[in-house]
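> As they're listed, the protein sequences go chains A and B. Counting from 1, position 100 in the first sequence corresponds to residue 106 in the numbering used here; the numbering is continuous, with no gaps. Counting from 1, position 149 in the second sequence corresponds to residue 155 in the numbering used here; the numbering is continuous, with no gaps.
Since the hints were derived computationally from the structure, they do not count as laboratory data. Be aware that one or more of the hints could be misleading.
A pair holds if it fits inside one copy or across any two, identical chains being indistinguishable in the list.
[Claimed, not checked] Derived BS3-like pairs: lysine-lysine, alpha-carbon spacing no greater than 25 Å straight-line:
id: 1; residue 1: Lys-62; residue 2: Lys-45
id: 2; residue 1: Lys-43; residue 2: Lys-55
id: 3; residue 1: Lys-106; residue 2: Lys-233
id: 4; residue 1: Lys-55; residue 2: Lys-45
id: 5; residue 1: Lys-35; residue 2: Lys-105
id: 6; residue 1: Lys-118; residue 2: Lys-238
id: 7; residue 1: Lys-62; residue 2: Lys-118
id: 8; residue 1: Lys-233; residue 2: Lys-105
id: 9; residue 1: Lys-114; residue 2: Lys-62
id: 10; residue 1: Lys-217; residue 2: Lys-62
id: 11; residue 1: Lys-55; residue 2: Lys-233
id: 12; residue 1: Lys-237; residue 2: Lys-105
Being a predicted model, the structure only gives us computed values, none of them experimental.
Protein chains: 2
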Amino acid sequence: MSPTAIIIVIGNEILSGRTQDTNVNYIAKKLASVGIKLKEVRIIPDDRKVIVHALKTLRSTVDYVFTTGGIGPTHDDITSDCVAEAFGVSNPIHEESFKKLENYVGAKNFNKARQRMAHLPLGAVPIPNPISVAPGYIMGNVYVMAGVPQIMRTMFDAILPTLRHGDPIISRTWYAFDALEGAIAEGLSTLQQTYPQIEIGSYPFYDLNGKDGVALVAKGQDQTSVKEAAKKIRSLLISIGYDPHEGEPKP
Amino acid sequence: MSPTAIIIVIGNEILSGRTQDTNVNYIAKKLASVGIKLKEVRIIPDDRKVIVHALKTLRSTVDYVFTTGGIGPTHDDITSDCVAEAFGVSNPIHEESFKKLENYVGAKNFNKARQRMAHLPLGAVPIPNPISVAPGYIMGNVYVMAGVPQIMRTMFDAILPTLRHGDPIISRTWYAFDALEGAIAEGLSTLQQTYPQIEIGSYPFYDLNGKDGVALVAKGQDQTSVKEAAKKIRSLLISIGYDPHEGEPKP
Numbered sequence: 007m008s009p010t011a012i013i014i015v016i017g018n019e020i021l022s023g024r025t026q027d028t029n030v031n032y033i034a035k036k037l038a039s040v041g042i043k044l045k046e047v048r049i050i051p052d053d054r055k056v057i058v059h060a061l062k063t064l065r066s067t068v069d070y071v072f073t074t075g076g077i078g079p080t081h082d083d084i085t086s087d088c089v090a091e092a093f094g095v096s097n098p099i100h101e102e103s104f105k106k107l108e109n110y111v112g113a114k115n116f117n118k119a120r121q122r123m124a125h126l127p128l129g130a131v132p133i134p135n136p137i138s139v140a141p142g143y144i145m146g147n148v149y150v151m152a153g154v155p156q157i158m159r160t161m162f163d164a165i166l167p168t169l170r171h172g173d174p175i176i177s178r179t180w181y182a183f184d185a186l187e188g189a190i191a192e193g194l195s196t197l198q199q200t201y202p203q204i205e206i207g208s209y210p211f212y213d214l215n216g217k218d219g220v221a222l223v224a225k226g227q228d229q230t231s232v233k234e235a236a237k238k239i240r241s242l243l244i245s246i247g248y249d250p251h252e253g254e255p256k257p
Numbered sequence: 007m008s009p010t011a012i013i014i015v016i017g018n019e020i021l022s023g024r025t026q027d028t029n030v031n032y033i034a035k036k037l038a039s040v041g042i043k044l045k046e047v048r049i050i051p052d053d054r055k056v057i058v059h060a061l062k063t064l065r066s067t068v069d070y071v072f073t074t075g076g077i078g079p080t081h082d083d084i085t086s087d088c089v090a091e092a093f094g095v096s097n098p099i100h101e102e103s104f105k106k107l108e109n110y111v112g113a114k115n116f117n118k119a120r121q122r123m124a125h126l127p128l129g130a131v132p133i134p135n136p137i138s139v140a141p142g143y144i145m146g147n148v149y150v151m152a153g154v155p156q157i158m159r160t161m162f163d164a165i166l167p168t169l170r171h172g173d174p175i176i177s178r179t180w181y182a183f184d185a186l187e188g189a190i191a192e193g194l195s196t197l198q199q200t201y202p203q204i205e206i207g208s209y210p211f212y213d214l215n216g217k218d219g220v221a222l223v224a225k226g227q228d229q230t231s232v233k234e235a236a237k238k239i240r241s242l243l244i245s246i247g248y249d250p251h252e253g254e255p256k257p
């Protein structure tokens with residue numbers, strides 16, 4: 007069985023539309039590449055009750071929970087308090103992180119607000135932050151990361167090799183310009199029935215120059231079936247009169 | 007009280023990392039502009055049980071549920087079946103939509119797969135689709151839209167004026183280059199306590215040229231408090247020695 011994961015995005019700025027999230031896509035791609043199945047993403051506000059509830063209810067349903075956001079020094083950074091509450095532990099100073107941060111910002115700048123970033127739920131294992139030192143951490147199966155994409159990425163890249171991997175999910179994609187989903191759908195449905203172990207997806211696209219078409223994706227952990235199905239997708243497209251191209255659509 | 011909303015994004019392609027979602031940000035911004043509070047976003051797979059469960063449990067918790075994705079002609083487009091099941095109704099042919107689609111694609115091309123797009127849960131009110139005719143629809147407080155951004159946008163723009171609006175959420179933002187959250191956090195926390203009715207957010211940024219800093223946002227429905235708080239945020243930044251700029255950060 008493939009390991010499973012959920013991402014919890016913590017941040018009013020995503021829900022208000024101020025910020026376009028890009029962390030989910032970054033994490034999702036990398037999880038797929040190591041065969042970890044992303045089952046759900048939940049985007050929730052900086053609200054203590056909501057965060058604690060999400061952590062409590064979701065962490066028992068998957069192998070890994072990844073959170074992004076809310077571990078900075080400001081009043082709206084409440085993720086660590088919430089993780090501590092969800093696990094029923096305190097949120098004390100983590101001595102090693104405290105010293106590193108104090109060293110980094112200088113003793114005279116190491117005010118109460120910054121010190122908050124050195125509080126980790128009791129038992130948490132820090133995830134290093136080479137950019138701005140304030141750590142993420144691992145608490146049970148919950149991986150707590152920063153919201154700033156540059157920092158989140160270094161944290162996620164550091165933990166990825168430590169996770170249990172599944173068989174990588176491989177995929178092949180055929181693009182057919184000017185193709186219409188409605189013309190392909192019946193043949194595709196038959197193909198899906200022939201290959202129940204893989205996932206066949208159909209995604210209309212409009213590229214930057216206003217060209218449109220459909221991308222057809224065969225995806226799964228069994229390389230042979232994916233290859234076979236992709237071959238049949240190509241034949242299907244040709245039989246309808248389309249001219250399929252593999253790879254990304256040309257601009 | 008402001009009306010509330012949840013977005014359910016339905017699509018394996020988001021969870022696999024194949025597609026970077028942009029629909030949430032589009033909807034979130036517009037909801038904020040008319041004072042509808044987006045409480046949560048849930049991204050879920052093309053899985054019948056999961057979709058039905060999400061619809062059933064979430065729709066009673068908010069005024070509006072918006073869904074994107076899964077209403078095309080292919081086998082992985084199962085949103086309408088799920089909405090029908092969640093509401094305990096059938097999913098029959100919607101005559102008017104059927105005729106429009108048949109007209110649009112031509113009788114001889116109007117195959118079984120395309121006809122699926124003319125099935126709407128019993129009682130649903132169509133949302134017109136000027137781009138490719140296959141409609142979205144309104145079922146109770148659930149607004150079902152396409153996943154393709156171009157189509158989703160025309161659908162959402164059409165329904166937005168029909169929703170109950172709250173007082174628009176206004177915001178003012180100060181950008182301080184080279185500023186550090188840790189230096190501002192304590193003053194900001196005091197400010198937040200002074201203005202409990204508005205939301206004060208702090209968002210570190212890295213711009214395209216590698217410049218970094220912090221964006222400080224005062225946001226709420228009471229214009230006077232937002233203005234006052236924004237003024238005080240500016241003073242706070244200046245008192246620390248930063249040079250705040252209003253508006254978007256310059257590239």
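> Are there hints from earlier that the structure breaks, and if so, what are their numbers?
Per hint list: 3, 5, 7, 8, 9, 10, 11 and 12 violated.
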